[in-house]
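Same order as they appear, the protein sequences are chains A and B. Numbering-wise (the working numbering), the first sequence opens with residue 4 and increments by one. Numbering-wise (the working numbering), the second sequence opens with residue 4 and increments by one.
There could be a bad hint or two in this list.
Remember, identical chains collapse to one label, so a pair may be satisfied in a single copy or spanning two.
Keeping only pairs whose Cα atoms sit at most 35 Å apart, straight-line, the calculated DSBU-like set for lysine-lysine is [stated by the list, open to error]: (1) K111 x K38; (2) K38 x K129; (3) K38 x K52; (4) K38 x K273; (5) K259 x K129; (6) K148 x K259; (7) K205 x K273; (8) K248 x K111; (9) K205 x K129; (10) K248 x K129; (11) K248 x K38; (12) K244 x K111; (13) K259 x K111; (14) K52 x K148; (15) K244 x K201.
No lab work stands behind these hints: they were computed from the structure.
2 protein chains.
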Amino acid sequence: MNVPTVRTAFFVSDGTGITAETLGHSLLTQFEGVKLRQVRMPFTNTAEKVRECAARISQAAREDGLRPVVFSTLVEPDLNAILRQADALYLSFFETFIAPLEAELGLKSTHTIGRFHSSTDSNSYKDRIEAINYTLGHDDGITNKGLEEADVILVGVSRCGKTPTSLYLAMQFGLKAANYPLIPEDFERRALPEGLDKHRQKLFGLTIQPDRLQAIRTERRPNSRYAALENCRHEVAEAEKLMRKEGIRWLDSSTKSIEEISTTIMQEIKLERSSY
Amino acid sequence: MNVPTVRTAFFVSDGTGITAETLGHSLLTQFEGVKLRQVRMPFTNTAEKVRECAARISQAAREDGLRPVVFSTLVEPDLNAILRQADALYLSFFETFIAPLEAELGLKSTHTIGRFHSSTDSNSYKDRIEAINYTLGHDDGITNKGLEEADVILVGVSRCGKTPTSLYLAMQFGLKAANYPLIPEDFERRALPEGLDKHRQKLFGLTIQPDRLQAIRTERRPNSRYAALENCRHEVAEAEKLMRKEGIRWLDSSTKSIEEISTTIMQEIKLERSSY
Numbered sequence: 004m005n006v007p008t009v010r011t012a013f014f015v016s017d018g019t020g021i022t023a024e025t026l027g028h029s030l031l032t033q034f035e036g037v038k039l040r041q042v043r044m045p046f047t048n049t050a051e052k053v054r055e056c057a058a059r060i061s062q063a064a065r066e067d068g069l070r071p072v073v074f075s076t077l078v079e080p081d082l083n084a085i086l087r088q089a090d091a092l093y094l095s096f097f098e099t100f101i102a103p104l105e106a107e108l109g110l111k112s113t114h115t116i117g118r119f120h121s122s123t124d125s126n127s128y129k130d131r132i133e134a135i136n137y138t139l140g141h142d143d144g145i146t147n148k149g150l151e152e153a154d155v156i157l158v159g160v161s162r163c164g165k166t167p168t169s170l171y172l173a174m175q176f177g178l179k180a181a182n183y184p185l186i187p188e189d190f191e192r193r194a195l196p197e198g199l200d201k202h203r204q205k206l207f208g209l210t211i212q213p214d215r216l217q218a219i220r221t222e223r224r225p226n227s228r229y230a231a232l233e234n235c236r237h238e239v240a241e242a243e244k245l246m247r248k249e250g251i252r253w254l255d256s257s258t259k260s261i262e263e264i265s266t267t268i269m270q271e272i273k274l275e276r277s278s279y
Numbered sequence: 004m005n006v007p008t009v010r011t012a013f014f015v016s017d018g019t020g021i022t023a024e025t026l027g028h029s030l031l032t033q034f035e036g037v038k039l040r041q042v043r044m045p046f047t048n049t050a051e052k053v054r055e056c057a058a059r060i061s062q063a064a065r066e067d068g069l070r071p072v073v074f075s076t077l078v079e080p081d082l083n084a085i086l087r088q089a090d091a092l093y094l095s096f097f098e099t100f101i102a103p104l105e106a107e108l109g110l111k112s113t114h115t116i117g118r119f120h121s122s123t124d125s126n127s128y129k130d131r132i133e134a135i136n137y138t139l140g141h142d143d144g145i146t147n148k149g150l151e152e153a154d155v156i157l158v159g160v161s162r163c164g165k166t167p168t169s170l171y172l173a174m175q176f177g178l179k180a181a182n183y184p185l186i187p188e189d190f191e192r193r194a195l196p197e198g199l200d201k202h203r204q205k206l207f208g209l210t211i212q213p214d215r216l217q218a219i220r221t222e223r224r225p226n227s228r229y230a231a232l233e234n235c236r237h238e239v240a241e242a243e244k245l246m247r248k249e250g251i252r253w254l255d256s257s258t259k260s261i262e263e264i265s266t267t268i269m270q271e272i273k274l275e276r277s278s279y
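Using the sequences and the hints, build the whole thing.
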């Protein structure tokens, strides 16, 4: 007996499909316990490819015994019309929102496919690559040169999430993010790492719950003093004491995603994304 | 005389606002020449904050002399109802698509705010951090240990885009991406860097137009032999010759965004995002 248990979700785009997937995921997380087989269909940008895609969707409908859900960011009305004929719930992002935007702005949309990296934004694209390079070159206290260029400087104990956050700030928002570990030597001196003092307004701290830190450090160095709960407790307490003394804002990264940490930091120190 | 020339776009979210901004940007790029002052309003998750936000939107309408455009990913119907009263074009992603999804899935949505990092996905969250750490530890040929763990191994001449692409694959898709420069020694030996041979099915090449490479390298080391157009031409030709000889698929990164390069690679070597 064929009991249908799984349904398929398609993310269809004429470009990378990242917008379609972002939209689809954020909607699907609103349905507890629903598991959908997920299929990405990027660069579906010709009538022929769209027809193939439609056939694949209808086939999934037959195999699953349930209509697939299609999240589409196809721009071209002609391509949308083809895909709409597939046997599925068709959620079409551009078709839904372009018309009210055209009316409001008093302009016709260009229906341009994949405008991610047109010549008009190549300067901001360069800025973004530069931010990534800057951030890699200022990871984990490698150097304290060039800090006047930084948009933000993160501090915190080893393994509290500084590196992924810095890279996300660079990659997503084009921000130059340096980061420095707070280490036992800093706690003994009761002072920030050298050179950070004069960039106080850019400093932001991350802290973490000691048991979570222990778990993360244990994966790196099992049974080490570095990973021991007692040591984690001590370092976290000392780091928080130091940040309090120095008047540095901080947040607890323990239960937050990289996205949430990054966005909170931008909000707290009033950073705007670079123009890209 | 007050000539209204600029309009404001608001990205309003009960979470990070990254989805709202991604969706909004992809719509706005469809309108050539339209410049909107962009305002991010993350963590707008209480009735009070939404009322403040609505007031700010209506104020922008008065100041601009033009209604703002609001891209909202607010989940709660009550919060949406408040914001809808602001003087703006109100584009509400959840309200638009949740109803047809509920009907199709035969389920009520949970209307849960900010489910980015719930306890249910903490394992996949760990996978993502691990992918970032792996990628940083396997950047630019640092080591050829642990390559059996890699999902993809990028090769190409210095400064052709390997590092940003590797980091994006890790950050966005949770993939472990190693990368190796192809250098003059490899061209002389007419062979891939040591240790890559046995991971042939994971190899993917990036190439670049020589004049673009010259521009990028010149920023790093002006007037160097490294950046000279003649040398760039030579290295690119040799790298392409080597990749052809070794049967490695490649793409030209010159006119592509990091997103486009990453998505194309995933498609070509049939990678799926990690489960996160």
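Outcome of the hint check:
Only between protomers do K111 and K38 lie at most 35 Å apart by alpha-carbon distance; the minimum there is 15 Å, versus 39 Å within a single protomer. Proximity of K38 to K129 under the C-alpha cut-off of 35 Å is restricted to the inter-copy arrangement: shortest distance 20 Å between copies versus 39 Å within a copy. In this assembly of identical chains, the alpha carbons of K38 and K52 lie at most 35 Å apart whether taken from the same copy (27 Å) or from different copies (33 Å). In this assembly of identical chains, K38 and K273 lie within 35 Å of each other by CA distance solely across copies; the values are 22 Å between and 38 Å within a copy.
Taking the shortest alpha-carbon separations for K259 and K129, both the intra-copy value of 30 Å and the inter-copy value of 12 Å come in at or below 35 Å. For the homomeric pair K148 and K259, the shortest alpha-carbon distances inside one copy (30 Å) and between copies (32 Å) are both at most 35 Å. For a Cα distance limit of 35 Å, the shortest separation of K205 from K273 inside one copy, 10 Å, qualifies, whereas the shortest one across copies, 42 Å, does not. Taking the shortest alpha-carbon separations for K248 and K111, neither the intra-copy value of 56 Å nor the inter-copy value of 49 Å comes in at or below 35 Å.
With identical chains, the CA atoms of K205 and K129 are at most 35 Å apart both within one copy (23 Å) and between copies (28 Å). For the homomeric pair K248 and K129, the shortest alpha-carbon distance between copies (32 Å) is at most 35 Å, but the shortest distance inside one copy (39 Å) is not. Taking CA atoms no more than 35 Å apart as the test, K248 paired with K38 passes in neither setting, with 48 Å inside one copy and 44 Å between copies. Taking CA atoms no more than 35 Å apart as the test, K244 paired with K111 passes in neither setting, with 57 Å inside one copy and 46 Å between copies.
Taking the closest pair of Cα atoms, K259 and K111 come within 35 Å of each other only across two copies (26 Å); inside a single copy the shortest separation is 41 Å, beyond that limit. Taking the shortest alpha-carbon separations for K52 and K148, neither the intra-copy value of 51 Å nor the inter-copy value of 40 Å comes in at or below 35 Å. Taking identical chains as interchangeable, the C-alpha atoms of K244 and K201 lie at most 35 Å apart only when both belong to the same chain, with a minimum of 20 Å there against 51 Å between chains.
This entry does not satisfy hints 8, 11, 12 and 14, going by the numbered hints stated previously.
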